[in-house]
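Protein chains: 2
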Amino acid sequence: MLPRGRPRALGAAALLLLLLLLGFLLFGGDLGCERREPGGRAGAPGCFPGPLMPRVPPDGRLRRAAALDGDPGAGPGDHNRSDCGPQPPPPPKCELLHVAIVCAGHNSSRDVITLVKSMLFYRKNPLHLHLVTDAVARNILETLFHTWMVPAVRVSFYHADQLKPQVSWIPNKHYSGLYGLMKLVLPSALPAELARVIVLDTDVTFASDISELWALFAHFSDTQAIGLVENQSDWYLGNLWKNHRPWPALGRGFNTGVILLRLDRLRQAGWEQMWRLTARRELLSLPATSLADQDIFNAVIKEHPGLVQRLPCVWNVQLSDHTLAERCYSEASDLKVIHWNSPKKLRVKNKHVEFFRNFYLTFLEYDGNLLRRELFVCPSQPPPGAEQLQQALAQLDEEDPCFEFRQQQLTVHRVHVTFLPHEPPPPRPHDVTLVAQLSMDRTWPTMWCTVRGPYTPSTSFATWPWPRPSRLTSSSVTLTSCLPILSTTTSGRPGPASTAAPPVVVPTRRIRASIEQLGLGSRRKAALVVPAFETLRYRFSFPHSKVELLALLDAGTLYTFRYHEWPRGHAPTDYARWREAQAPYRVQWAANYEPYVVVPRDCPRYDPRFVGFGWNKVAHIVELDAQARQARQPLLLCPTLQEYELLVLPEAFTIHLPHAPSLDISRFRSSPTYRDCLQALKDEFHQDLSRHHGAAALKYLPALQQPQSPARG
Amino acid sequence: MLPRGRPRALGAAALLLLLLLLGFLLFGGDLGCERREPGGRAGAPGCFPGPLMPRVPPDGRLRRAAALDGDPGAGPGDHNRSDCGPQPPPPPKCELLHVAIVCAGHNSSRDVITLVKSMLFYRKNPLHLHLVTDAVARNILETLFHTWMVPAVRVSFYHADQLKPQVSWIPNKHYSGLYGLMKLVLPSALPAELARVIVLDTDVTFASDISELWALFAHFSDTQAIGLVENQSDWYLGNLWKNHRPWPALGRGFNTGVILLRLDRLRQAGWEQMWRLTARRELLSLPATSLADQDIFNAVIKEHPGLVQRLPCVWNVQLSDHTLAERCYSEASDLKVIHWNSPKKLRVKNKHVEFFRNFYLTFLEYDGNLLRRELFVCPSQPPPGAEQLQQALAQLDEEDPCFEFRQQQLTVHRVHVTFLPHEPPPPRPHDVTLVAQLSMDRTWPTMWCTVRGPYTPSTSFATWPWPRPSRLTSSSVTLTSCLPILSTTTSGRPGPASTAAPPVVVPTRRIRASIEQLGLGSRRKAALVVPAFETLRYRFSFPHSKVELLALLDAGTLYTFRYHEWPRGHAPTDYARWREAQAPYRVQWAANYEPYVVVPRDCPRYDPRFVGFGWNKVAHIVELDAQARQARQPLLLCPTLQEYELLVLPEAFTIHLPHAPSLDISRFRSSPTYRDCLQALKDEFHQDLSRHHGAAALKYLPALQQPQSPARG
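If you read the sequences in order, they're chains A and B. Quick note on this note's numbering: the first sequence kicks off at 1 and runs consecutively. Quick note on this note's numbering: the second sequence kicks off at 1001 and runs consecutively.
Just so you know, the hints here were simulated from the structure itself, not pulled from any lab data. Since the model is a prediction, treat every value here as computed from it, not as a measurement. Any given hint could turn out to be false.
Unchecked claim - Not everything, but these chain A residues come out facing chain B in the computed CB check (under 8 Å):
(1) V136
(2) N139
(3) N358
(4) E365
(5) L370
(6) R373
Note that the Cβ used here is the ideal one computed from N, Cα and C, for glycine as well.
With the hints as extra help, turn the sequences into a complete structure.
Set out below in structure tokens:
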């Protein structure tokens, strides 16, 4: 039998208090197991054979309560395990369950998604998530949930910044920082009418239906207000390190990674005063909290043990360093929640870590789109936009050979902005935004995207840190918010300089200068053409000037873009003229023209019809040109339309680097259906063009009937 | 209320039989719900409040039994649902559960993997799979399970061909063919000591722990032997189509996608005679079975209704056309097993198909490697090889910067041979096998691999059929069994001709001719060098002869391989000499030489140390050369070592097509750690070389110390 926690220096008063508690638990705790049937019927009694109350062992020392099953620290003698033990009555069908999570920063925002995916995978109830976030996490999570559109999930945000003053006076050494303390103020931060909530750390993973956890509220006695699992380490016993003096706690104390909170009772019991008083008093002799909120929760519980309801250990299997969790999970037939509470996270060492890692990776890699599934047992208000989308999708004909195209075109992608930590650079005049599209079949290291300026607030994707990129599969995230409208970078060289070069490289300094010189702004609208070249070399030094570029061109190291396969895509740029040009010059649209352009943010967007390979850039240039033509007509159909000149920049250039054919170009080449569908989409595009621009659209008709470019995609 | 099935043309005798059945079910069925606690303790009574026995409604017509909950066809009136209903006692902890599946052909072998993944995801018990397979499925599944090494899963194979004569006399119109009928002979085909088995169709997906299903055996009465879920369609009511005359069945009949079989009782009851008699009699008036085994099961059950135990509908939620399953799942709080029993499979139409598809895709996309997790609650004999592997992995130092390399090197990949249907061509003399390595970061359409001849029995991967390739992610399959040893094809042009070209193209006719002319075989050993060229063009017509190739070379459309970046990798091939060569010529090894070679099957294998980017081909050629040198020494350390001449083939050639840098070359370029590790591995390689070849290995030392090739990877 392992050494167990003994209350140290218990004075007579504390003993009395504990005996009172004992009496309360023995007689006052509502630990019977009458099942509440849905609809309120009384069912057969359930079975909770385990001792749920603290017991005084024969030697008279107080031993802490054995939890429902497989409790680490519970010796074989007092372990009265039953497989039907942890089966509390399920909550009423379709009851809305409330979950609160404190989440700050980029990394926690990624972590919380894995938690949410695991929770949604198993859940059968509607959920209301209460997210206490800083500005970074809010931006990420608000966008993500908005675009995710998971049915029967409601999300509320709370400003962590506004709660900071309530906890910032507490010195804290835990890696979670100030945010780690915010769980303490949830009773006042969450809506007053909210009576119960499950509070989770971002580093937990569900292995079961959260309603089973919620159902444990039913075991609370009339005065219990906090449901917790015991710590599965000896931290609070104070014998882990020399001179380590932990905060006061009952035995091993409790872990606050998973909490059931009766907010109503805590408010009634004066929780605010209670934890502040305890914390202030302890801080007189202790320098800081080591485990953030957990130290304070434990100190309060030590003083008010009647508040706590012990939860079965399987609801918070703690994989900390020195964990004793094996005593829990090796007994349990079921793991419910895994808690990565070591600062080493997945790299923590323990005998079964490979098992737990695999379980975690299951949800890290899980395609969140698959969770967009209705809880048809519990009809709910669809998320904003979801209903129209559903209707539009339902109207599609599955037998239509172009069904997949039309479906893709309607698809709303989950958007995870600033996937990796990113500080946007300070704004400058004439800022230019790179907007790039990356399909998930591209290899990761070449995947990057910096988006700033007018189109989105600020977004950055970069190479996933080696050595585990293979773990981050296409299903983990959806990288959108980038559209292939214009291509440039803010640094002249995109992405982390040390990674493999991305397909297109554009220096932007020159572009910004041109925007200024040309006086482009709200009045004068132009699509600035960045002449495109390409190299077939895998290793290539980017030329620093037009002179250098022309030298490479003459040496045959560079070609004009797609010189061998599809010169007409860029022919109107007029490379011969560009060679000599000192100033921007105007060019005319021609069929198949698909230059890279810099356009103002209010330009027409890309047509989502051309979501796969082919015609996306061509159609966009047609749109720009059609609007320009229309602006020159006496009759303006739409007052917002403005003239788009196509102006070639004399000093800017972009160089295409070799890359593999995309998935879609391969489909285009191999599938007649794909080509037929693209033609059908082109026809529909032209019909729309005619509808908007009348006879002027006739100009583009021949272009639409030409064969498709054999582009690289 | 929906129309319900009425017994048609019931004669007095049939009525009598049914009334007898009714009596039996009312009093004979062991449907009480005493819980058997693990360890044999009697627990509190469970609760099965629903009517489990057929009832005679007030109007006197017989209605079929309502199943445990949400039974389609059960009207609101007779539906006495309880959330705690379908909670039978769990089977004793760690009890071995037996599952039988009939699986034939390539497509079913892929399907069954998705089923197995869903089953393993939720299971908590050791499993024994009994797979009745044809030769194709056996080859695939035996290799897959052998390399998968999932703990606590045993697999036994049974020859479907040997069972064929027992069912081939039955005319059958179902798409599953003869194999669909084989479930009928399981009681005699499976081992005589096997008493209980769960029988599954390949098109089911688990959404719950299979032990819950196994636990339903406890509800069987003393004479019941077959547990089944009712059909969730009106097929057997005979009113789906005009002139449709179904086989006899009780009401809607039962679906045989999920069966609990008491094999012992069936054997005792003379099952063999029973079903044959029934089938023969029915076939006197019916032309064939429409639903394979299911028609016969239903006809037998109609005659012997005492055999059947009705299972809750959630254990076989049938997504057939015209399904009535919604009545089941919309009531159930839990889905247990989903059955894609429409020939349209995922393309079946129903209101909630998107939900079910998403659920299915969860397991289609699930990375089977993540299921290699120990059932640590139930210690089991590790699968063959797993223990050594585990030990080797455990000995690795996680803090070693090269940890990931060493881990990858030890990794045993799951092997799914002949992923797509493939008939190997007939063997020819001097057959040449293409062995190619494909990392999963390559786009799918360029992914193909034909392996035949000496290395593996026969393997073929090809383009995943459009339009859902994006669904087949890297986690769905592991493509190995291919090693990058030699590159050639049997057709001269690899892969489906219409897809994007793969990186390397080699015609083999010339290679086979050379093998013959040179008299290569068991005595004379050579590594035949196939001179390598490259094009930088994305669209390229493969030259048909050396003359054509040389013309392209002179025109600058082709280069010798990696002419710009790393000419020394192929310099010893001596392109100038090759130009004029009429006969094979011998060349000498030099540092960094990494030609594509054709080698006999017993040549040294690739060194798995160099699993990422760099030095795999170089090390292999060093190995070949070292063995050749050694063979020329008087003292043969190992009698199997033979001399490998490096002979350049005068007429064969290979052309490298442009592709994106691999994930690993990008890591190599961006990570100093990666480069350092590669150097460490090279040093270890040379130590091993010295150990085997003594002083002769000194020759290679300078080569090892040279800078790494900036290859394309």
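Out of the numbered hints, which ones does the structure contradict? 1 and 2
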